[in-house]
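**Q** Sequence:
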Amino acid sequence: MPGTIPLSASELNALVITERVNSCLSMAGIFFVLITYTFSSHFDKPINRLIFFATWGNIGSTVASLISDAGPLAVVGHKTAPLCQLQGFLVQRVDAYWAFCMAINVYLVFFRGYSTGQLRSLDFYYLFACFALSFIPAITFVFISSPSRGHVYGPAIIWCWITPSWDWMRIVFLYAIVWIAIIFAFAVYAMAGKVIWNKRRHLDGFLNPLNENPFTQIVTTEIEITHQERFIVKEDEEAQNTSERIEQFTPYSVNVQVDPQAQPGRPMPATMRMRGITRDIAESETNPDAWLYARVAFLFFLALLITWVPSSVNRVYAMVNPDEVNFALNYVSSFVFPLQGFWNVIVYIVTSQQACRRLWNSMTRRNSTRQNANFGPNFTGGDVDGQHRFPSNSKQRLRSISSFSNT
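Residue numbers (numbering that gives the first Met the number 0): 0 to 406.
Since the hints were derived computationally from the structure, they do not count as laboratory data. Incorrect hints may appear among the rest.
[To be verified] Computed Cβ-Cβ distance ranges for the label pairs, DEER-style:
| hint | residue 1 | residue 2 | range |
| --- | --- | --- | --- |
| 1 | Leu358 | Val315 | 41 to 49 angstroms |
| 2 | Ile182 | Ala128 | 30 to 38 angstroms |
| 3 | Phe30 | Asn197 | 53 to 61 angstroms |
| 4 | Leu301 | Leu121 | 17 to 25 angstroms |
| 5 | Ile138 | Ser361 | 40 to 48 angstroms |
| 6 | Phe134 | Val349 | 28 to 36 angstroms |
| 7 | Leu33 | Ala131 | 16 to 24 angstroms |
Glycine residues also receive a C-beta, built at the ideal position from the N, C-alpha and C atoms.
Take these sequences, add in the hints, and give me the full structure.
**A** Written as structure tokens, this is what we have:
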């Protein structure tokens, strides 16, 4: 733009390096989300579903950031370049619509009593709306040009996007949409926060993002013990009669207390030792999974703020000072924009801690088995110093009997 003070070569180089390094982090996170959600049932749960959908939108912005200054450099004179047009199209595809949809779901959960099953029925409409609303303008801009202003997509400092001559379209078709989503989400989360604050005594675990699921502590223990009782003692007539008498009661009529010393393992970190919800509160909440969904949506909202607040400040500065390019603001924008996929995978991991641990344990066990096989057929790994090692499932059954006998 005439009269604009350009960035130096070293400043541009710093922007490009930062952009591409952070894009690699996001791309690694994107692959992790797509692969684990697709191939592992442990990650397939309602609170991860919209993150999975939004991740597809992150692919475009991440690829655009990897292209970086190669897009503007491909433009020769006033002629358009396919790489530049592609980059502009990808930058225009943002995931702010998904944050808007998550906020809608939080509203439906807290103030309309929707369950996770009802939320799932809305997925098709969200998919269509989010991808259509971002795709239609993005692809339309590829074909718009004028003799005086040129193409809509063109060089814009560190990548190809909507050129300064079409600056009003940046506000209308991107920043306005993002901030409508942010303001709506903020209003919904403020109302939901009031509800959570009123129940804060019973929701200590819920308020801690590191406590993955405060609602399933008691129910999970009861289901596992009830299931294993019938399987363990089926050959012992007296114990079998005892098990059958227990089975006649509903799961909620049995008050199970597990002795902490009967469960080996390292103690949980202090940040994870949060008070689980009581049975009375669990029964009063008709859809605890939906409450957890609300927590994930709020974390996703925070990631949206981290991405778009610096970029919005940079845009306002550019409008007020059209003849200046602020390196600091551009650097912050180039730092946070490529990290959209990275922030999403952080939220995904925080809300899938159990699934991540299972995945890690599965990988380490597989590696250990492969190493044991290298010792030859005489190494079984089952006997150490003449002591027989029980299979892991046998240990679990014995611990269940011990826990039951202590009740």
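**Q** Confirm or reject each hint.
**A** Hints and how they fare:
1. Leu358 <-> Val315: 41 to 49 angstroms: 43 angstroms, holds
2. Ile182 <-> Ala128: 30 to 38 angstroms: 18 angstroms Cβ-Cβ, so the 30 to 38 angstroms window is violated.
3. Phe30 <-> Asn197: 53 to 61 angstroms: At roughly 41 angstroms between Cβ atoms, Asn197 and Phe30 fall outside 53 to 61 angstroms, so the hint is violated.
4. Leu301 <-> Leu121: 17 to 25 angstroms: 23 angstroms, holds
5. Ile138 <-> Ser361: 40 to 48 angstroms: Distance hint for Ile138, Ser361 holds at roughly 42 angstroms.
6. Phe134 <-> Val349: 28 to 36 angstroms: At roughly 30 angstroms between Cβ atoms, Val349 and Phe134 fall inside 28 to 36 angstroms, so the hint holds.
7. Leu33 <-> Ala131: 16 to 24 angstroms: 21 angstroms, holds
In the structure shown, a violation is registered for the earlier hints numbered 2, 3, in ascending order.
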